[in-house]
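Trainee: Quick note, the sequences are listed as chains A and B, same order.
The opening residue of the first sequence carries number 1 in the UniProt record's numbering; numbering runs sequentially from there.
The opening residue of the second sequence carries number 1 in the UniProt record's numbering; numbering runs sequentially from there.
Hints may contain errors.
Identical copies go unnamed one by one, so any copy, or any two together, can satisfy a pair.
[Claimed, not checked] Cut-off 30 Å, straight-line C-alpha distance, at most; resulting in silico cross-link-like pairs (DSS-like, lysine-lysine): (1) K18 / K121; (2) K92 / K125; (3) K121 / K446; (4) K216 / K18; (5) K320 / K37; (6) K344 / K436; (7) K92 / K332.
Since the hints were made in silico from the structure, they are not lab data.
There are 2 protein chains.
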Amino acid sequence: MASRQRCLSMDNLNPHIKELEYALRGPLVARSFQIQKELKEGVKKPFTQMIRANAGDCHAMGQVPITFIRQVLAMVIYPAFLDNPHFPDDAKERARTILDSCQGGSVGSYTNCSGLEIVRKQVAKFIELRDGVPADWQNVIVSAGASDAIRKVLRLFACDVDGQTSGVMIPIPQYPLYSATLTDFGLARINYYLDESKNWGLDVLELKRAITEGKKVCKPRAIVVINPGNPTGQVLSRQNIEEIIKFAYEENLFILADEVYQDNVYEDDCKFHSFKKFHVLFEGLHGRMWFSCRICGSDQYVPQIIGQACLYSITNPPQKGEPSYESFQKEKNAILDSLKLRAKMVAKTFNSMEAITCNPTQGAMYAFPRIYLPPKAIEVAKSQGKEPDVFYAFELLEKTGICIVGGSGFGQQPGTYHFRTTILLQTDTFKTMLEKFTEFHTEFIKNYS
Amino acid sequence: MASRQRCLSMDNLNPHIKELEYALRGPLVARSFQIQKELKEGVKKPFTQMIRANAGDCHAMGQVPITFIRQVLAMVIYPAFLDNPHFPDDAKERARTILDSCQGGSVGSYTNCSGLEIVRKQVAKFIELRDGVPADWQNVIVSAGASDAIRKVLRLFACDVDGQTSGVMIPIPQYPLYSATLTDFGLARINYYLDESKNWGLDVLELKRAITEGKKVCKPRAIVVINPGNPTGQVLSRQNIEEIIKFAYEENLFILADEVYQDNVYEDDCKFHSFKKFHVLFEGLHGRMWFSCRICGSDQYVPQIIGQACLYSITNPPQKGEPSYESFQKEKNAILDSLKLRAKMVAKTFNSMEAITCNPTQGAMYAFPRIYLPPKAIEVAKSQGKEPDVFYAFELLEKTGICIVGGSGFGQQPGTYHFRTTILLQTDTFKTMLEKFTEFHTEFIKNYS
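Kindly produce the complete structure, drawing on both the sequences and the hints.
Mentor: Spelled out as structure tokens, the structure:
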């Protein structure tokens, strides 16, 4: 029976799945967990603890959960607490509203596929308040996390049109969920490059170049815009957004606006503008837009009702006069202020190093510095079969315990090298990281020059 | 611009998605929600409330959540309660264990894609205890609900092999998630029929007939078995399972064993046997099997950590000597006893009616009675462009407010008609439903005879 073919093997597996690559879950991260185990087992290392700057995983990095939201969730899960004097009335009111709209009064029940009506209405209200233009709650569809929504929307395009493969424009650098999903669904990928010299700006001329190239091999049907940027941390200007919408209109492209970091804007002269806001300026626009509802941003899969309860609480926070108002504002601002502080620190520190440049982190939770690797380092990397930036990241990991992600996982201009770091570590640890990083980098450049 | 093609329309949408049909979410259910609204608005109907027997949605039907599990979840969400004297020590111990294994000690963090190590180990332990044979925790992968897992596994097969479309064997009647997923992924569907005359039994001769047919148009690669059955409620015997495994081995098929209702077995001479248990009897078997981890069964999307915490609590329930043991057993048994009572009632009642036969509900949460529709009813249905069983279900809905699902949504032998009803309504309401159903059915048969 040795020659019998396995019913599922690398030879007969869906080839799209084989091609999948997800930088955020690759060998570097695997090695980091192995190192963590080795440290626990007492293996000697040049460091005593791992410093994780690889994942946009706020709570793992010590960000404190917002009390109000957790209170609402605790009560919907355990309704006996609705009578507990420990909880403030505004949290109770939110919890009761959610429970009242669940079938059987239990968060263990199913909801409509599009989400609970009260949640969708609340999200629409939130969007109206944010944008100052009407939002129809029936166009709000709650998904099990942003990844789920992105997959579901892209799935709609997964077919040939007029004998051509459908294509989707994505930024480079990008969040690798997009490239992975396009690969999985057999959709053509049209790269457009963000301009590092202009603060990772999005130039319409580059969009035009990219779509012209794309049309040679596929039928472009949609464009992904990530704002604020991941991994690049830029915030698009109003003018830029309007240009992109015009371009999409002219090219008849569906816009997927990934706006999960809309609350995370740090620079005083930057402001978040939603794509939806300007939609109405172009009456008759046929490219319908879609908005990630993953404002909560902490679960890859939002659970059917618990996640919706979370979304409801976030879009319906305590108002002035309600008992939790002050504490909610205080907790939220503390988080944003500390992110802002680290956003400033990160660019400043990296720009002070030799052979690194770094655009400011205007928003989101990341910086994407460029490293100017000496030719010798590139040579050694290639001799090991590694991308040079991945080689750099491995060296950093083994020598300092700092875990970042090599730029090649997100895409970059050929011949340039980068890495993504988060700004999520608590400030003291973040300072330590930047110090150790500086030391490592100086040594690395010296060794390979 | 009127002639401009929309960038996403029915003309250029992924055709697999257009074909998707999901009986559980179709026009009948939509109409039932409309009726519910009309009742609220005071529209006169022959009934005053909807009776939902269409969805396997336990909590919506008034099933009471298990206190122990809710306590664990409340504490992992709101860890301040770990010090609350209201909660028993065993629930606290579970909550602490889960929180200790979360990064940053928060359920708001991400976990490994396969799930938390402690959860996977606990599930493996649960399976070992259940089956009496070893289970490797590294083979346990936690998914965001059974639907997610089913989609992910079937996705692996979505490709041509040796120039042939891959095919998957599914039972008829089946849970429509399977047919929908196969359609979505462009996989060929090979129907095998369950034998209604043998209590919805699974006959290997029928499997052989089906695969022989299937091989004419595709390359059969996997077989789905639902045990206990949905919508059919049968429980497979040990002998039957062994035969299926042998068949799968001979045909080199991957077995997808959907065992989400393993706890729901009502007949004294039936016993649940997992497919995994007998796997080891056939050393060298190449068809690897996969097991739905959706033992909790209450969320379509299990959230990343909250759902895992739920799974952990269910597979690690209070043991003898622990403070919650008695109350947990009492609550669990009360639920199972009341389901058992209704499982007996449902077949007995339907079998007492004219022109209906109904196999016993040995397990799961459903019955799938056969209705012998008069030719005149079939004629009227067809003149309205409806499947006869859907016509029957619509009539029932409009006349009595009872919502069931027509058999054509699950598949049935051509020329036979069925419907699926759940046994989830609380016992008093369930009795009322059966009474009203009897009245309606008698009238219906009389009218169309």
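Trainee: Could you run down the list of hints and mark each one as holding or not?
Mentor: These are the hints, each one checked on the structure:
no.: 1; hint: K18 / K121; result: between (41 Å within a copy, 27 Å between copies)
no.: 2; hint: K92 / K125; result: within (20 Å within a copy, 39 Å between copies)
no.: 3; hint: K121 / K446; result: neither (58 Å within a copy, 46 Å between copies)
no.: 4; hint: K216 / K18; result: both (26 Å within a copy, 28 Å between copies)
no.: 5; hint: K320 / K37; result: neither (48 Å within a copy, 35 Å between copies)
no.: 6; hint: K344 / K436; result: within (18 Å within a copy, 70 Å between copies)
no.: 7; hint: K92 / K332; result: both (20 Å within a copy, 29 Å between copies)
Checked against the numbered hints given earlier, the structure breaks hints 3 and 5 and satisfies all the rest.
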